[in-house]
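**Q** Protein sequences appear in the order of chains A and B. Position 105, counted from 1, in the first sequence is what the UniProt record's numbering calls 105; the numbers after and before it change by one each time, with no gaps. Position 578, counted from 1, in the second sequence is what the UniProt record's numbering calls 578; the numbers after and before it change by one each time, with no gaps.
Accuracy of the hints is not assured; some may be wrong.
No copy is singled out in the list; a pair is fine if it fits within one copy or between any two copies.
[To be verified] Calculated pairs, EDC-like style, for lysine to aspartate or glutamate (alpha carbon to alpha carbon, straight line, at most 16 Å): (1) K207 / D166; (2) K309 / E622; (3) K238 / E519; (4) K300 / E622; (5) K591 / E183; (6) K207 / E265; (7) K301 / E622.
Just so you know, these hints were derived from the structure itself, not from any lab. Computed from a predicted structure; not experimentally measured.
There are 2 protein chains.
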Amino acid sequence: MSNTLLPEKHKLSLNQVQINDDFWNHYVSLVRNTVIPYQWEALNDRVPDAEPSHAIHNFRIAAGLETGEYHGWVFQDSDLAKWLEAVAYSLQQYPDATLEQTADETIDLIVQAQQSDGYLNTYYTIKEPGKRWTNLYECHELYCAGHMIEAAVAYFEATGKRKLLDAMCRFADHIQDVFGPQEGKLRGYDGHQEIELALVKLYKVTKQEKYLQLACYFIDERGQRPDFFEEEWERRGKTSIYRAGQTPSPSLSSIYNQSHLPVREQDTAIGHSVRAVYMYTAMADLARLTGDEKLLTACKKLWANMTQKQMYITGGIGSTHHGEAFSFDYDLPNDTVYAETCASIGLVFFAQRMLRIETRSEYADVIERALYNIIIGSMSQDGKRFFYVNPLEVWPQASASNPGKYHVKAERQKWFGCACCPPNLARILSSLGEYIYTTEAGRINCHLFIGSESTITLDDAVQVGLKQVCSLPWKGEASLELSLAQPRSFTLALRVPYWCDGQPQLLINGEKEDAYTIENGYAIIERIWTDGDTVTWLLPMEAHLIQASPLIRSNAGKAAIQRGPLVYCVEQVDNGTPLASLSLQSSTKLKVEADADVLGGTVRIEAEGFRDATAEAWASAEPYRRWAPTAEPVALQAVPYFQWGNRGVGEMAVWIRVRQ
Amino acid sequence: MSNTLLPEKHKLSLNQVQINDDFWNHYVSLVRNTVIPYQWEALNDRVPDAEPSHAIHNFRIAAGLETGEYHGWVFQDSDLAKWLEAVAYSLQQYPDATLEQTADETIDLIVQAQQSDGYLNTYYTIKEPGKRWTNLYECHELYCAGHMIEAAVAYFEATGKRKLLDAMCRFADHIQDVFGPQEGKLRGYDGHQEIELALVKLYKVTKQEKYLQLACYFIDERGQRPDFFEEEWERRGKTSIYRAGQTPSPSLSSIYNQSHLPVREQDTAIGHSVRAVYMYTAMADLARLTGDEKLLTACKKLWANMTQKQMYITGGIGSTHHGEAFSFDYDLPNDTVYAETCASIGLVFFAQRMLRIETRSEYADVIERALYNIIIGSMSQDGKRFFYVNPLEVWPQASASNPGKYHVKAERQKWFGCACCPPNLARILSSLGEYIYTTEAGRINCHLFIGSESTITLDDAVQVGLKQVCSLPWKGEASLELSLAQPRSFTLALRVPYWCDGQPQLLINGEKEDAYTIENGYAIIERIWTDGDTVTWLLPMEAHLIQASPLIRSNAGKAAIQRGPLVYCVEQVDNGTPLASLSLQSSTKLKVEADADVLGGTVRIEAEGFRDATAEAWASAEPYRRWAPTAEPVALQAVPYFQWGNRGVGEMAVWIRVRQ
């Protein structure tokens, strides 16, 4: 590894940013007041009618506080880790002595379950003692370690308490003793990437380069030949934890966990989508910290492939439930989609890391697209139900009766046996402050327009207070009020969102100001700033019809409605059934109307369209007849995608046929 | 069972009908000269690069002529039976001493493999001796028996040779000894329906009512409670031949094999589609022969549900590859479709049996739809490759790279490990003559317009010769020349196909004749017929756009092109890619043009349409942008669906977007 670590474009730590936003406060407080407590109940198997998690039980057994058997997935520990990480972010923003005490006790439990040499994994401790590190292909030991390291870092940053951090340093040291290219060490890596990005975080708070080096090792080793998973499988006797008898070679599915090629040779997003984006995130981290150009080139190619050819308009990724995976370029079916919540959260992680390398609006645009659509849409308005799969088209009867769509739930579910998504959602929503700004030398970049109060240290010297007041996503206005001890020259860069038609308006202290340039999608405002200066960013927020690339066959002849960052959809509750009978008039005016009475407040969009003759008007029983379509004009009612499915079960569609 | 068996509306036996048709001769001779010999090679594992069948080997081992292990599916015997049945039909039309000798030797082999008590099944004889009838749920013993009975009946009818027929009577007698409601017998039935319709055929040639009673027993018993398969599974120790360890109860999937309800209570086509239509065929047979009104009512409901709500425009049935099954009403996806060839063949069987109960054109219309589209389309033009799944929309890259479409092959395959379809195809094409006419008292019904020479015995007395000359499917003309020893009054009923706009023209001896009535979709011509009378039936054959019921969501906004009985499709080879970029102009004229040079002769249809801006014209790398569609006029080239995929691998689509 190069010794010349690059200077970091800072992300701001959470205690420098306090969210205070008309729109997002709801989500932040929902996470704090509902999701975190609810998930705590879930982790303790106390949610009625939901599949039990077993996570706390497993830790108690491993800690010797209970007897019993291990239950749950092999990676069940990570649910507790993700919950704890979310708690840390929440505490950092909103101190809460009771919650902190629960977290402290949980940490005590975790540390009790840790083995004397630093190893921690309740599955192996309870169920397979003595078999550690014999099935990295399936068993997620390093994945779980990574999540616990992330939790430890976050908890340390939130509270200053080192107990879990120290424990995870011991674990990381143990991992370093076990893994590596050196003679006598296990030359392997995990079947599910995660440890890599976690070790970068551990490096960041501890400043210990050994953790960065370990992350580099895992990234560099992945995909080398001979195939580690193949050799491990042979050593193990070709067994699997999921099936009796001998199993096929892992080398047949190396694409699944992105070990098919050395990472620097990968240019197409492929395989299990969460594994992919977690790996890309670490690759971007390491490219930034080590200046590895080849790694950066791979990141850019993977980013371009994924966001230009394999991303849904909602920010969803992963077209197939088989392996929860990418399929291939432009294959984006709306109805058999996977688009796992966790995958889009990982996409946001990756975008954030790319943004720390280069301030280009495409990265923040994707963060915004995913946040406002798929991510918050995956949660019910009451914060108690979640989508794991986020479809763009739902026909509830097909979800119930066509096995190819069983994975597409027509309503959000309470909790999942494989419950990766809800705690992942909690941790991203409670760390929202990390995504708003970055700094460079003499420059503050504003990526997201989210009401907040921040204190930014510029060039390690100057304190700049930024109070942002926003009306997104309902209105296209954001203003930033600066606090400065004394006038100071620096650059403020404001993202020009892709949806504002390149027509933003800048006001400084209420006066129109054109003295800025556009660079990589940001308005670059260079100026001597004075305490109390107010920057207002007016972003045209017209509702538009959107079309998809002609190579995305599933959207041919269809349009989506978007206004600002929000993608819209039509629901059966507003438009009747079947939704497929509806078409948009291509010349439609889109009527935008705030409606405070439904969905906890929304902005509806009404479009001119048509409804094909319904079943009642279809005279014969025959399913096919000569072409004689009849359609009547109808006003289509669209609501933001993120709010769908909160008014009972029914059909939903994002892409609507256009009548030209 | 009622003792009052009803008089049968006759089907004609094959030696009364000789196909001689410009269109069908090709298929009949392809089956005779290519498919039957090719399949014989396949059954003997002599086709290079194709999965071996093992069928003959298994019989040789069971007959004690070889040693070795059983290979292939548990129902591998049935492939040989279906081949033999096809051979019988072929011999009946075209005597062939060499082929007959091969068949005779095969029958010798089969009889050698039969056990002394009449039992015949090579899987149980070789692999699980002593375990007969312990796993009817999975092991297809009665299914294989049924196919061998069908072969025996056909071979007897073709050649008059009784060896296999007698052997199968012994087998049926053995089955009767084993199964039944009587104390001490096994009160069960097969996991895959087939024996029921076969026993009806055995009754027909032997006139032995015991076989009809046994068929009734199997039909009546199915779906009764307690659940036979559940009890059998418990007796067996809850095992499966497909998995080690204990398996879930069969009662969880009783829909799959239609044992979820007594058959008379079933009104929706559900579960494995081949099982379903084989059962409905037997139900219709028994309803006709026993006058069971409840059974007939169930048949009518099932027919209506299946053909009005669950049938593709090509005559395909079964929307999902999960369980090769029906899904639910109006769920007819074009791309993830199953539409197994065998299922449509079974649909034709069912339609034929309904036609013997009541002369209604809807039954023959479906036979014609399935024959001219899915059935002949499942075979390559050279008769050597076959589709098992018959999609209405193909994107080859999706078939290769999206696991949800792996089952949809973009090209016909040589042979299948589970090779039910090719021999089923051979037997229906070589027995085509059975579907053209039926007789009733004083009446001859003409259902299909296929060139042929027939001798029909009317009212058990009068011989009527019918020479049919047809130009379908390319031109809408059929003529029938009658031969009669002396003038005779009777009714000739000609089907009015659904596609002729209700505007057929009748000529008798070249003169326009309006003196007929329409009854249940047939033109009823009552007349004193004289030797040499010629009836000409002119059927308008305009090309039309077809629309689907608005409840079939996958076809919303789309049209198919049909001309006469032929459904058309667009292929990449004629229209470029992506096909989804194409749209039809709703007001298009459809230009019909014969083209002798491609596809061994076809009639192309050219339509006015548009092509959306292609990928090259899509300026940015972004997958989504503001609605600004551009499309250029283009002439769409359509070819008959049955001919698709014979000019290399490419995209194909039946349903095309309409630009209104």
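**Q** Each hint needs a verdict: does it hold in this structure or not?
**A** Hints, one by one, checked against the model:
Only within a single protomer do K207 and D166 lie at most 16 Å apart by alpha-carbon distance; the minimum there is 13 Å, versus 89 Å between protomers. Taking CA atoms no more than 16 Å apart as the test, K309 paired with E622 passes between copies only; the shortest distance there is 8 Å, against 40 Å inside one copy. Taking CA atoms no more than 16 Å apart as the test, K238 paired with E519 passes in neither setting, with 54 Å inside one copy and 69 Å between copies. When the C-alpha separation of K300 and E622 is checked against a cutoff of 16 Å, the pair qualifies only between copies, where the shortest distance is 15 Å, while the shortest distance within a copy is 53 Å.
Taking identical chains as interchangeable, the C-alpha atoms of K591 and E183 are never at most 16 Å apart, the minima being 69 Å within one chain and 75 Å between chains. Taking the shortest Cα distances, K207 and E265 never come within 16 Å of each other, neither inside one copy (30 Å) nor across copies (73 Å). In this assembly of identical chains, K301 and E622 lie within 16 Å of each other by CA distance solely across copies; the values are 14 Å between and 51 Å within a copy.
In this structure, the hints that do not hold are numbers 3, 5 and 6, in rising order.
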